[in-house]
Amino acid sequence: MSGGQKKRNFQIEAFKHKVVVDPKYADKTWKILEHAIHEIYNHNASGLSFEELYRNAYNMVLHKFGEKLYSGLVSTMTFHLQAMSKSIEAAQGASFLDELNMKWSDHNKALQMIRDILMYMDRTFIPSTHKTPVHELGLNLWRDNVIHSSKIQPRLLNTLLDLIHRERTGEVINRGLMRNIIKMLMDLGSSVYQEDFEKPFLEVSANFYRAESQEFIECSDCGTYLNKAERRLNEEIERVSHYLDPMSEPKITSVVEKEMIANHMLRLVHMENSGLVNMLLDDKFEDLGRMYSLFRRVPNGLSTIRDEMTSHIRDSGKELVTDPEKSKNPVEFVDALLEKRDKYDKIICFAFNNDKAFQNALSSSFEYFINLNPRSPEYISLFVDDKLRQGLKGVKEEEIEVILDKVMILFRYLQEKDVFEKYYKQHLAKRLLSGKTISDDAERSLIVKLKTECGYQFTSKLEGMFTDMKTSQDTMQGFYAACGAELVNCPTLVVQVLTTGSWPTQSSNTCNLPAELSALCEKFRSYYLGTHTGRKLSWQTNMGTADLRATFGNGQKYELNVSTHQMCVLMLFNNTDSLTYRDIEQATEIPSSDLKRCLQSLACVKGKNVLRKEPMSKDIGEDDVFSVNDKFTSKLRKVKIGTVVAQKESEPEKLETRQRVEEDRKPQIEAAIVRIMKARRRLEHNNIIAEVTKQLQPRFLANPGEIKKRIESLIERDFLERDNTDRRFYRYLA
Amino acid sequence: MKKEDTVKLISAEGFEFVIDKKAAMVSQTIRNMLTSPGSFAETEHGEVTFPEINTTILEKICQYFYWSLQYARLFSEAIGKFGIGR
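First to last, the sequence lines map onto chains A and B. Numbered per the UniProt record's numbering, the first sequence finishes at 734, counting up by one with no gaps. Numbered per the UniProt record's numbering, the second sequence finishes at 86, counting up by one with no gaps.
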């Protein structure tokens, strides 16, 4: 009822009726109000007139009796609160909280009514004297007289904690009542809530969970324990949402996390028969997922899991890779690696949320143990070879891509990629020359992947091999077009012209071709050199094949598919019936180790013994006699004998390849050193080693000792020099 | 006007002004009076007596209530002047 004033053509005058300022006035007015407050607390307000009370309070304040009004309010309210407090204290057992709740809501209602009546004082007197407003005053008085009364305070806390404890042990409690009481504490201020409830609550909860977790962990296995922990955690979150302050949620969850998880982390992970390693081995996705989401909540939780997983993968991988049984068959070896990788990939995807840190741990573990076996590059190449020869026959294109991609993943883990390159070239050459690859597209697809991974340099020679095959086809067409007429009665010749740089170096062998063939070969040579000047051709007799139509003494006709060397040997028997080893050696001039192998495959292999040998032993002696086996039979019309298959290398072959790899590395190291020194001009020894290693890392792991030797060699050849002032520095010589 | 939506304001001389509750609620005090949780006499009967306010003043107050409702949302410049001197 305070009007807005603008000094214009009217004035608001004070009340016309008399307001007597007599000394008793204040007392009388206060008495009316005091009586009203009593009535309100006694649920008797219906007889009162709001307007009258409001007006009286207004007048008191107006006539400067605000202080009396205020202090009167305080003492009257206090009186009533003390009465309420007594009745709450008197409540027995379970009705304690009910009584408290009821009195609280009574007080709130009364407080609001009182505040409405005393609104004027609230708005004018209180701000100017900086006293507590009515509503807040009411809450503070409640707090001081009821909640903090010596009989009620401890009893309230204990009752609340007891109820929570009972709920934790499975009893159902009155959540609505709890909510009201807790809300009351919150309304009284966050410090009341925290001091009178939250802090003790957290402490009691910590003790509870500490004890419970100790009990659980003694008698449960890891998976069950994690289940229980998760349930307790969810329970606490639910509890907060139902009747606690939401701000308490992070506090109570961190208590549970600490007591149930953080304190027992290592014990859980290492638990016998049910710990992390067992879960990994048994693919327990659900348990692992649970462990991940629980451990994520505590500091170092995930790193604990990760470390354990890493060491397990490293150990089991090392075992796999160094086990002589498993590393006998390359295809099985790589299959096992792929399987292992797939397994852990799945686990990380389904249970560990595709966590990048875990993916990295997996990759680094694989990198570690794959390189423990020096034959890994060779085996991976053999695996691919097997797949491209026959393993992927009939498989759909998308699935082929999937398998090749997986192989690429393993390839990336290799440290010695140049070793892989060497073997791959060898195997690819054999595949191409024997025409044994099932899908040209698959081959090319893999080359593309390698190119993406390692750059153009890596695959340029491989691509050169494919080009040579194509070009050779064109060359053959040209040859027969030009000379076809003369060659009608000659055997059909198919020549692959290989560019020396692209193909794996083979030592060319001596071999005397049968007369019919050498003439034909010469014809081809002259044709080719006629169209390509400045080139040199040399026949690689150890890499060729031949198809022979053979008629045996028993009348059987077969078509034999043999190697070139084998063909030379067999053709000898067109003219004679039997020959000794020495005769054959003289006639063909094939080197003895190759010749022995060749004869073994012709005479000693069951089902393919087109020749007979005397004596019938497995080994070839100088004086053994060979003759055609007229009793030879086979179920098939076309018999394949001793094709050149990519074998796992024998020991001497292995050493030889390794030596070649080492030789090839030397110029690469030197090139890297020169590149670095040219840019940096002057560099200290250790820095050079570090830079060179880094540059060569995509191809192989450089040996510091070897790098040092290369530096010395470059110094000798005046590419570098030692710095005069400091012996550890090297300088680039332009 | 429905009975439930109205409230009766009675002046010192006994004049009864029946106005919408909404209009009366413009006054914070009357609003508290009517929405107070306790069962004061006023809320029981839906009428408020002002023994110290005379009729002309109370009439003007009621007019103010309605004016205020009407122009509540407009910006202050656009508000028509409430002419007391009329």
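Where hints are given, some of them may not hold.
As the list claims (entries may be wrong) - Just the calculated beta-carbon pair ranges, DEER-fashion:
no.	chain 1	residue 1	chain 2	residue 2	range
1	B	G46	A	N140	32 to 42 Å
2	A	S46	B	Y66	25 to 35 Å
3	A	I237	B	Y66	45 to 55 Å
4	B	R31	A	S46	14 to 24 Å
5	A	S190	B	T56	19 to 29 Å
To be verified - Covered stretches of chain B (in silico footprint by chain A; criterion: 3 or more residues with CB under 8 Å from a CB of chain A, positions within the stretch not fixed):
no.	segment
6	17 to 23
7	44 to 50
Derived by calculation from the structure, the hints in this document are not laboratory data. C-beta: ideal position from N, C-alpha, C; glycine also.
Hint check:
{"no.": "1", "hint": "B:G46 to A:N140: 32 to 42 Å", "result": "holds (35 Å)"}
{"no.": "2", "hint": "A:S46 to B:Y66: 25 to 35 Å", "result": "holds (31 Å)"}
{"no.": "3", "hint": "A:I237 to B:Y66: 45 to 55 Å", "result": "holds (53 Å)"}
{"no.": "4", "hint": "B:R31 to A:S46: 14 to 24 Å", "result": "holds (20 Å)"}
{"no.": "5", "hint": "A:S190 to B:T56: 19 to 29 Å", "result": "violated (52 Å)"}
{"no.": "6", "hint": "17 to 23", "result": "violated (count 0)"}
{"no.": "7", "hint": "44 to 50", "result": "holds (count 4)"}
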